[in-house]
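Visitor: Build the full structure now, drawing on both the sequences and the hints.
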Amino acid sequence: MVEIKPPFLGVAYYPEDWDSSEIDKDVEKMLSIGINVARIGEFAWRKMEPEDGKFDFSWLHDVVDRLKNAGIGVVMGTPTATPPIWLTRKYPDMPVEYKNGRRMQHSGRRHACSNHPGYLKYCARIVEKLAQEFGNDEAIIGWQIDNEIYLPENEGCFCKNCEKRYHEHLKNKFGTVEEMNERLNLNIFSQVYDSFDEVPLPRDTWVNPQLRQEFLTSVGQAQIDFVAMQAKILKKYTTAPIGTDQMPFNGMNYRKLHEPLDVVQFNHYNTPDNLWECCLWFDYLRTMKERPFWNTETSTCFTGSAGTYGSIKPDGFCYANSWLPLALGGEATMYWLWRTHWAGHELTHGSVLDSSGRPMYSTEEVKAVAKDFAKCADFINGTRVKTGIALHYSSHCWNMFETQSVVGDFRYEDNLKKYFYKPIINAGLRPDVIDEAADLQKYKVLFSPFMITLDQGDLRKRIAEWVKNGGIWVTGPMTDIRTNDGTRFTDRLHGMLEDLTPAVFKYWFPDKEKRITSAWNDGEEFGGNVYYEVFEPNSAADIVNVKGGHKEVIGSAVLQCYAVGKGFVFCLGTAPDEKDMDRLLSLVCKKANIPLGKTKGDPIIVSPRKGEKTSGVILVEVCGRGGEYSNDAKFKDIISGKTFDGNITLEPYEVKVLEKIGG
Amino acid sequence: MVEIKPPFLGVAYYPEDWDSSEIDKDVEKMLSIGINVARIGEFAWRKMEPEDGKFDFSWLHDVVDRLKNAGIGVVMGTPTATPPIWLTRKYPDMPVEYKNGRRMQHSGRRHACSNHPGYLKYCARIVEKLAQEFGNDEAIIGWQIDNEIYLPENEGCFCKNCEKRYHEHLKNKFGTVEEMNERLNLNIFSQVYDSFDEVPLPRDTWVNPQLRQEFLTSVGQAQIDFVAMQAKILKKYTTAPIGTDQMPFNGMNYRKLHEPLDVVQFNHYNTPDNLWECCLWFDYLRTMKERPFWNTETSTCFTGSAGTYGSIKPDGFCYANSWLPLALGGEATMYWLWRTHWAGHELTHGSVLDSSGRPMYSTEEVKAVAKDFAKCADFINGTRVKTGIALHYSSHCWNMFETQSVVGDFRYEDNLKKYFYKPIINAGLRPDVIDEAADLQKYKVLFSPFMITLDQGDLRKRIAEWVKNGGIWVTGPMTDIRTNDGTRFTDRLHGMLEDLTPAVFKYWFPDKEKRITSAWNDGEEFGGNVYYEVFEPNSAADIVNVKGGHKEVIGSAVLQCYAVGKGFVFCLGTAPDEKDMDRLLSLVCKKANIPLGKTKGDPIIVSPRKGEKTSGVILVEVCGRGGEYSNDAKFKDIISGKTFDGNITLEPYEVKVLEKIGG
Amino acid sequence: MVEIKPPFLGVAYYPEDWDSSEIDKDVEKMLSIGINVARIGEFAWRKMEPEDGKFDFSWLHDVVDRLKNAGIGVVMGTPTATPPIWLTRKYPDMPVEYKNGRRMQHSGRRHACSNHPGYLKYCARIVEKLAQEFGNDEAIIGWQIDNEIYLPENEGCFCKNCEKRYHEHLKNKFGTVEEMNERLNLNIFSQVYDSFDEVPLPRDTWVNPQLRQEFLTSVGQAQIDFVAMQAKILKKYTTAPIGTDQMPFNGMNYRKLHEPLDVVQFNHYNTPDNLWECCLWFDYLRTMKERPFWNTETSTCFTGSAGTYGSIKPDGFCYANSWLPLALGGEATMYWLWRTHWAGHELTHGSVLDSSGRPMYSTEEVKAVAKDFAKCADFINGTRVKTGIALHYSSHCWNMFETQSVVGDFRYEDNLKKYFYKPIINAGLRPDVIDEAADLQKYKVLFSPFMITLDQGDLRKRIAEWVKNGGIWVTGPMTDIRTNDGTRFTDRLHGMLEDLTPAVFKYWFPDKEKRITSAWNDGEEFGGNVYYEVFEPNSAADIVNVKGGHKEVIGSAVLQCYAVGKGFVFCLGTAPDEKDMDRLLSLVCKKANIPLGKTKGDPIIVSPRKGEKTSGVILVEVCGRGGEYSNDAKFKDIISGKTFDGNITLEPYEVKVLEKIGG
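Chains as they are written, first to last, in our numbering: chain A, 2 to 664; chain B, 2 to 664; chain C, 2 to 664.
What the hints contain is simulated information worked out from the structure, not anything from laboratory work.
A couple of the hints might just be wrong.
Since the list can't tell identical chains apart, any single copy or any two copies may satisfy a pair.
[As the list claims (entries may be wrong)] Once the Cα atoms are required to be at most 25 Å apart in a straight line, the calculated SDA-like pairs of lysine to any residue come out as: (1) Lys580 with Tyr238; (2) Lys161 with Tyr151; (3) Lys418 with Asp226; (4) Lys26 with Thr364; (5) Lys91 with Asn101; (6) Lys637 with Phe58; (7) Lys165 with Pro93.
Since the structure is predicted, the reported quantities are computational estimates derived from the model, not experimental observations.
Guide: So this is what it looks like as structure tokens:
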């Protein structure tokens with residue numbers, strides 16, 4: 002393998018764009034800028050296999066060799082996202098079928114249905130050939146399967162193969178059609194089916210929501226299987242880590258997708274307005290694998306895809322953006338793309354070099370990133386992110402909210418970020434964002450808002466045991482109000498809470514207009530949002546109670562705390578205003594003996610790091626307005642070489658890699 | 002029949018949702034809350050006929066018997082809105098065809114085309130079977146045909162059967178294709194057809210507007226025939242009143258629809274923002290039948306269908322909402338639904354009981370409604386709404402505005418409510434909202450705004466006679482500017498006005514920007530909206546004239562009054578500002594010797610009641626901000642038992658049922 | 002020919018609407034109002050050819066004769082926009098196919114595909130018949146081919162014939178499929194095609210942008226050929242000028258379209274909000290042909306088509322609107338329409354007479370127009386618009402921006418008008434708006450903003466020569482950043498600028514948020530918009546430099562000026578704020594020795610006129626707020642007869658036709 006160590010600073014490179022002479026120039030410029038990894042190959046199927054069964058990898062070997070000779074590592078992509086026209090010609094039913102019956106067209110990406118047997122056969126062959134060619138190549142530091150796999154139009158493919166698979170999925174899940182009819186109560190609207198084959202694909206708005214959810218699960222699983230099939234082939238020929246680069250989209254089960262993979266790869270294109278938001282994803286990706294994740298795509302300066310166009314960014318944005326994944330547990334930042342395409346799509350997408358070969362306005366920042374990554378390499382590689390708090394984020398719940406929103410226009414991730422994640426990180430805390438399958442043992446505190454069902458494997462049992470053993474669980478709102486199927490309970494309002502605690506659910510209701518007003522025990526106002534569950538008042542447990550609104554609701558509890566075994570359960574009945582979430586965090590952290598971080602900013606990213614030999618904290622200013630961080634320990638900033646003690650000021654988009662002195 | 006008398010307080014109940022043991026509990030809870038009617042059956046075809054020709058009503062008899070034994074009446078719905086999958090399988094061409102050629106899917110409601118011969122045959126059979134089973138059942142206090150029938154996507158079905166019917170409709174209307182070509186001047190754009198069969202269904206935006214109107218009429222008539230077919234069958238087996246529950250949608254001819262029916266059934270889901278708006282519909286429904294109408298569906302606390310979600314409402318909203326239909330001439334309020342579904346659609350729709358069996362926040366209000374309905378039963382049953390004013394509202398005009406708006410974005414009902422209905426009820430008046438066929442004899446005053454054509458049967462003649470006999474007619478704007486076909490006149494601007502009065506139409510024009518300013522005779526400003534018709538000035542008749550704007554228009558009259566026989570015609574050329582409509586109302590009511598009500602509120606609903614033995618007035622506060630009502634007579638509020646005299650204050654959402662003392 | 006001379010005041014007239022007796026009345030009213038031209042025939046195919054091959058022109062001769070006898074000229078339209086139903090019946094594949102696969106319906110206009118062989122054959126026949134009938138008729142002062150030809154849904158027809166033509170177009174352009182693959186770098190996304198026949202029609206969003214552009218070119222050319230086919234036939238039978246009336250839509254190549262035609266015909270429906278905007282089009286139309294253009298359609302008072310509805314306009318709007326085309330180089334104003342249709346579409350479209358035969362509110366203004374056109378006829382006919390400045394506006398660039406916008410939501414024409422055209426006319430200048438093929442010799446100054454490619458014929462060479470010979474060229478932003486194919490350069494940022502001048506392109510970037518701030522040499526602030534190209538600073542050339550924003554950009558030049566031969570090149574890197582464009586105009590005009598006009602208004606239209614015997618200036622107030630114009634010469638206003646000297650005040654919508662005294 003090429004002698005490069007993380008952290009990786011990479012670029013997407015499309016040698017199929019350029020003449021041979023340009024490639025030499027490009028490699029030279031990569032070196033001078035400090036790029037040490039190139040991602041290549043992902044859309045080049047046609048060039049690898051110009052005709053059915055006729056392969057040509059010589060050009061690709063040539064490029065890989067040139068990179069290798071320059072000491073640049075290669076992430077090799079499988080080219081399955083863009084099957085050649087000869088394959089579309091062979092299988093007219095290969096392209097994805099839209100909801101309206103039309104098929105996708107050749108000339109974009111991912112227009113083939115991942116579930117088409119012929120396509121799968123050809124994918125397997127090109128992946129195997131590619132793996133045979135490059136499986137042992139020293140240049141290859143990793144593999145990427147396909148590109149940005151998600152459901153066409155967020156809904157899936159409606160072709161015959163996907164229909165058949167859906168029906169098989171239903172059969173696997175329910176066994177008999179009678180069981181399906183009964184469990185989903187398809188008596189409603191006389192929906193009852195006589196066979197699985199009759200269940201329609203969900204084209205109409207009024208298709209059964211629980212069945213729509215099963216369809217999402219089915220088409221999601223098809224993508225997961227598609228990736229697994231490729232991973233299995235690659236593993237025969239390579240020991241380099243394998244991944245698949247995903248966008249911030251949690252409908253497909255991240256955990257299942259990554260089971261056969263080695264490294265989590267992730268793309269984002271966040272902007273000054275929402276840079277902090279991708280941190281939720283980094284905090285989530287980190288929990289998927291022991292191996293640090295890779296940020297496989299982000300923009301140097303602006304985006305320029307069809308329909309979405311960016312603008313010039315402030316000084317330092319590129320720098321801070323490049324550092325975020327490393328601060329939060331990754332080991333690679335890679336830009337899309339090295340050099341802007343000169344034809345086709347995205348001709349005004351920012352890059353490291355313009356299509357003309359000249360630098361972009363942000364290229365100097367990229368150089369600084371390269372320099373500082375190198376300086377901090379030992380600290381990054383020698384430490385891991387340290388956290389004691391977890392926040393639930395579930396693919397299954399994502400799909401359930403997609404198919405049957407509890408209240409109008411509710412977007413799961415947006416609300417999770419706004420009402421929970423942001424206050425948590427603003428408090429200087431570093432949470433792990435975990436899915437339903439994650440182990441809870443290492444956490445003192447777990448937040449489970451909007452977990453519309455906890456009926457996922459043994460999750461309810463695991464939570465209960467963890468609480469009894471001393472965990473502090475903040476549950477609600479909208480948590481465990483459905484079965485795994487997405488149906489409601491006929492004998493209870495919350496799947497497990499009344500069994501675990503003395504809490505008694507009284508009413509639930511949306512409240513978009515803020516008609517309900519509440520107060521903390523000491524009389525301070527408490528603000529709720531979106532939706533309420535209120536509990537029978539219980540003076541021993543009540544922390545927040547309703548003060549105004551509909552008279553039947555007044556007096557009910559909105560927040561209660563119950564001791565359960567060695568732990569505690571906080572029953573939260575609404576999405577709190579930020580100031581109230583802050584107060585709840587103080588309460589919870591005090592009980593958990595977790596110190597709140599001390600920061601000013603909106604937000605400052607604080608990432609505590611601990612390794613065998615050293616420890617410290619990485620700070621990233623992501624709002625562009627500057628901020629502060631306080632810590633009584635002594636630190637040395639590896640980037641600037643300065644030492645700090647007490648109050649630390651951050652300039653807009655500044656990054657500090659603080660190693661504890663004597664730590 | 003079960004020994005229950007109106008007023009009815011009912012609920013939609015889906016026994017197909019629940020285990021037998023839950024049903025007993027539900028019935029018991031209905032009794033304790035005060036529910037005396039259950040609407041059942043409407044979507045249960047599959048359970049009634051699990052296989053083609055194999056019927057099972059035992060479960061339904063069981064439920065009806067349990068309700069009957071508890072003294073709860075039953076409204077039985079025919080289940081035709083949800084044909085079972087075996088019928089869809091039998092007739093692949095049965096589902097509604099969308100404009101774009103795709104067919105609706107099994108799993109929602111009303112996916113079958115009401116015009117499909119096979120579907121109709123099966124509907125007839127299930128309805129007949131159901132009628133045979135329950136036609137004489139004492140529990141049944143009424144029948145409901147299908148559910149919320151309106152045109153798919155507000156446009157109708159585009160299937161072959163509907164196309165054929167449309168062509169037959171054209172043939173019936175025009176006789177020969179030459180007549181159609183001529184009457185609709187299809188010379189324009191060389192549209193002329195050689196046969197009816199060639200006339201395309203209106204898929205394109207630029208399809209002929211008059212033909213589009215005929216299509217709406219044709220598909221509307223298909224629904225009307227569908228209902229009539231069922232009514233005819235039911236009448237063979239039952240004497241209980243038959244209806245079909247309709248949403249606030251006037252495109253299908255309400256009068257024709259109800260001709261074969263006994264009771265008008267109506268569903269609405271209005272909210273605090275627009276509660277007053279459903280009063281227009283109640284004032285309309287009342288005029289359709291002698292028998293008081295039923296409000297068959299409304300929400301206890303919030304809605305929760307796909308795409309529309311409500312919120313918790315203020316105290317008393319449910320109470321006032323439940324009273325409105327009774328105040329305005331109905332005899333039943335029924336909630337959708339008794340107990341929230343636990344699977345399928347609408348899992349967060351408010352109800353009386355949650356799916357868990359627990360009450361909702363509004364359940365106590367429902368109990369209060371039950372109690373007060375009982376208290377006031379004799380007064381409600383012994384009196385009828387008394388009114389002397391009418392406001393035109395025509396299905397034919399609705400369709401004409403749908404197919405060929407006179408000015409951009411003009412919505413008939415919205416403008417009728419905003420510019421006419423609301424000022425009328427704010428003035429404390431209680432209008433009958435009548436259609437084109439309604440008899441005019443009992444009214445002193447008739448408002449006919451936006452009646453785009455009066456060319457409907459003998460309407461023009463009837464209006465003229467009624468005016469000559471003493472009626473006071475306020476006509477315009479946009480009134481009678483089209484023929485019944487929807488075409489314009491080639492020799493006049495208004496169909497009848499220049500024949501009936503000396504008024505001379507001068508110009509018409511839209512005026513979205515309020516470029517025209519006007520004034521009353523005494524110089525006070527007059528504000529017009531949307532559209533103008535202006536008349537040649539006539540000092541003997543002018544009340545409002547144009548003062549500013551385009552110089553050709555200045556001086557023209559916007560409001561004139563002409564004595565015609567014993568009556569008067571007010572020619573109104575625009576939609577007035579609210580203050581100006583108030584002034585016009587004073588003028589008109591003074592001439593008609595109708596006292597204006599005295600209220601403060603926005604609005605207070607005032608419903609004068611008169612019976613053989615007693616009289617009084619029902620007040621409902623619907624804006625949630627409180628209000629006042631003045632009346633010199635002495636009243637006793639049947640609900641509170643208090644007596645009043647002069648000024649009466651209403652709290653938010655308060656209801657007063659005031660019986661005249663000595664009255 | 003009828004003895005009428007320009008200026009023409011015309012109306013669209015549909016004799017097929019009216020009984021014979023009405024036609025006599027209409028002709029009489031036309032005369033009394035001052036109408037001297039009627040446009041007829043355009044949609045009357047069915048009446049001309051009621052059955053396949055059976056022609057009837059007698060009714061049309063009758064109408065033409067009546068008009069002729071009254072001294073009214075006729076513009077005869079070919080009726081090809083509305084083929085009769087018997088033709089649709091004959092060719093079921095004749096109607097345009099939408100993107101989604103559905104076909105357009107009979108009953109609107111232009112529902113036939115201009116590329117369908119059968120349709121073309123029938124079009125040729127009806128045009129030939131019509132030409133044979135009326136080619137020598139003295140009444141005919143001109144011909145109009147079809148009506149408002151543009152691409153269905155702005156995207157074109159997706160039928161088999163259009164697909165075939167598209168593939169032929171690609172073959173003609175690229176020769177071999179290999180050449181296409183290479184020139185468009187279809188390696189990207191493995192798009193490479195094996196034959197032209199496989200290239201899909203651009204239905205998906207992600208279809209290749211350069212290929213989408215070729216499709217637009219192909220379907221545009223089909224329309225151009227359709228017009229040329231008709232023109233060729235007409236020319237066999239007539240010497241009257243032939244045109245085709247176009248809407249303000251520049252995607253189809255205006256120049257190519259008009260090559261076989263004699264007179265440019267143009268329709269617009271601008272309103273008080275945007276009346277000035279149609280002047281860009283008049284300034285453009287004027288440059289197409291020696292013969293003055295015709296404004297074939299505009300509204301007298303308001304529009305009333307499906308979806309777009311107008312309102313009453315201020316006094317004088319109709320008058321000023323009617324004068325604009327004459328002021329700016331046309332010789333005809335024609336209203337759509339004479340008398341509102343009484344059936345079909347557009348029943349509330351303003352007109353000269355209402356469908357009832359009564360005048361509209363604006364009819365008196367039309368009479369004034371007729372009177373004043375007559376007064377000024379000699380001056381109008383004897384002078385031409387005089388200008389020395391040109392502004393580029395290219396059909397090819399329009400399509401390129403349509404298919405691959407450089408920055409989000411950028412609309413070419415809107416930005417051209419806002420940032421360049423409006424400041425130019427506000428400065429009292431009268432530019433020619435020219436396309437890429439226009440000769441540059443007569444201009445001193447040329448603005449070429451947003452000319453995304455200059456790679457159009459010998460344009461680059463012609464510009465360079467013209468500059469070297471003394472031209473002053475203002476280029477950018479977004480100019481010449483693409484090849485003719487729409488691809489980017491791999492070795493440069495601007496196609497020609499660095500060769501022509503010492504300017505060095507440094508960076509380009511969008512800037513929607515105005516993060517970049519700049520200043521003129523003297524420190525005054527300079528505001529840029531939308532997008533930047535910045536240049537290496539060069540103290541000898543810099544006029545505006547970046548002062549704030551990203552540090553890599555600070556100091557770069559945003560505006561530079563280089564002397565090149567006898568001329569100058571201004572390199573402009575952004576769309577300037579209006580005040581900065583004013584300053585740039587001063588700079589440029591000073592260098593060109595062109596006096597800035599002196600006007601106040603927003604804007605006042607100033608049209609300098611020069612003829613062999615006389616000269617002067619026509620002023621039109623188009624903003625409705627009044628304005629001023631200064632000129633030291635002495636003038637006589639031909640309309641009012643008053644003389645002016647120095648400062649001239651204009652009332653809202655006033656027109657002055659100022660003839661130089663002694664001039």
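Visitor: Evaluate each hint against the coordinates.
Guide: Tested hints:
no.	hint	result
1	Lys580 with Tyr238	neither (54 Å within a copy, 66 Å between copies)
2	Lys161 with Tyr151	within (19 Å within a copy, 33 Å between copies)
3	Lys418 with Asp226	neither (30 Å within a copy, 53 Å between copies)
4	Lys26 with Thr364	within (16 Å within a copy, 72 Å between copies)
5	Lys91 with Asn101	both (23 Å within a copy, 24 Å between copies)
6	Lys637 with Phe58	neither (49 Å within a copy, 82 Å between copies)
7	Lys165 with Pro93	both (18 Å within a copy, 19 Å between copies)
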